[in-house]
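Q: Chain by chain, the residues run as shown.
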Amino acid sequence: MSPRIPPVFRRYWEVAPKDLDRAGFVSIEVRRALFSLGVEPEVVKRAGIVCFEGEMNLVLYSEGGRIVLVVSPDRVELLFSDRGPGIADVDLVRQPGYSTAPDWARELGFGSGLGIPNMEQNSDELKIHSRVGEGTVMRATILRRKYDGR
Amino acid sequence: MTVGELVRELGLEVLVAGDLEADVHGGYCADLLSEVLAHAAKGDIWITHQKHLNVVAVAKLKEIGAVVLVRGLRPPQEVTDRARAEGVTILVSPTSAFETAGRIHRALFP
Numbered sequence: 261m262s263p264r265i266p267p268v269f270r271r272y273w274e275v276a277p278k279d280l281d282r283a284g285f286v287s288i289e290v291r292r293a294l295f296s297l298g299v300e301p302e303v304v305k306r307a308g309i310v311c312f313e314g315e316m317n318l319v320l321y322s323e324g325g326r327i328v329l330v331v332s333p334d335r336v337e338l339l340f341s342d343r344g345p346g347i348a349d350v351d352l353v354r355q356p357g358y359s360t361a362p363d364w365a366r367e368l369g370f371g372s373g374l375g376i377p378n379m380e381q382n383s384d385e386l387k388i389h390s391r392v393g394e395g396t397v398m399r400a401t402i403l404r405r406k407y408d409g410r
Numbered sequence: 121m122t123v124g125e126l127v128r129e130l131g132l133e134v135l136v137a138g139d140l141e142a143d144v145h146g147g148y149c150a151d152l153l154s155e156v157l158a159h160a161a162k163g164d165i166w167i168t169h170q171k172h173l174n175v176v177a178v179a180k181l182k183e184i185g186a187v188v189l190v191r192g193l194r195p196p197q198e199v200t201d202r203a204r205a206e207g208v209t210i211l212v213s214p215t216s217a218f219e220t221a222g223r224i225h226r227a228l229f230p
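Residue numbers (our numbering), protein chains in the order written: chain A, 261 to 410; chain B, 121 to 230.
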């Protein structure tokens, strides 16, 4: 990845665990913020999908966490951090179809095991760091291809 | 064909009217939200059994033309309220997903 350029916009949202009624609406706010900043529609679309899947991971599986949006001239970054429980095998959760979702979540259309693959598909880079008993941090980077470096 | 024309042609019930003038080119059937996020296209008609709040978020993020709930399924009022606030169209079809998809397909690709 190219050298970093200072961010122009930064905002964060707290995400409560198991709060499905509010779930998904950080993603809509992120989408709105990106559009108002004039971010390219294709990048907004990808960021929206990444954010929704990340937000759902926090809601369904974590003990609560935070989403940070950082917009720079050359990239959009989404950081998802939580207070646990952590992921034992990060390679496993990257596999399409793998899910630990409970039945109630599957009945609502979650837990198809496509969340993290969707995040990877719509990011230029997805880093996952996790420690069981402590928590997980994911950083998704979406490059703004129209940025010409000037 | 617009969403409004499709509504009239198939006699669908309009629960929440977003942009009924939006053009429709296709549709997607799924109850798994990640499937819709991965594969639905902008302006698609999304045929589903899901009727909870997150459907509104997915429809908004994917710029879905209209959500069609099948078998006469009705969402709770908080869902229609939210859909109205976000400008997401929600339609109800009395028939099964199979039949609903078939009729919409026939209307779009006669």
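Treat the hints as calculated values from the structure; they're not laboratory data.
Incorrect hints may have been included.
What the hints assert, rightly or not - Some chain A residues close to chain B (C-beta under 8 Å, calculated; not the full set): (1) ILE288; (2) ILE309; (3) SER341; (4) GLY344; (5) GLY346.
Stated by the list, open to error - Below, a list of computed lysine to any residue pairs in the SDA-like style, where the Cα atoms sit at most 25 Å apart: (6) A:LYS278 / B:LEU130; (7) A:LYS305 / B:GLY163; (8) B:LYS162 / A:ARG292; (9) B:LYS171 / A:PRO362; (10) B:LYS162 / A:GLY298; (11) A:LYS305 / B:SER216; (12) A:LYS278 / B:ALA205; (13) B:LYS162 / A:GLN381; (14) A:LYS305 / B:TYR148; (15) B:LYS171 / A:GLY357; (16) B:LYS171 / B:VAL144; (17) A:LYS387 / A:PHE269; (18) A:LYS278 / A:VAL353; (19) B:LYS162 / A:ALA293; (20) B:LYS162 / A:PRO301; (21) B:LYS162 / A:LYS278; (22) B:LYS162 / B:LEU173; (23) A:LYS387 / B:ALA158; (24) B:LYS171 / B:LEU130; (25) A:LYS278 / B:GLY163; (26) B:LYS171 / A:ASP281; (27) A:LYS305 / A:GLU337; (28) B:LYS162 / A:LYS387; (29) B:LYS171 / B:ALA158; (30) A:LYS305 / B:LEU140.
Each residue gets a CB set at the ideal place from its N, CA and C atoms; glycine is no exception.
Q: So which hints don't hold here, by number, going up?
A: The structure breaks hints 3, 4, 5, 6, 11, 21, 25 and 28; every other hint is satisfied.
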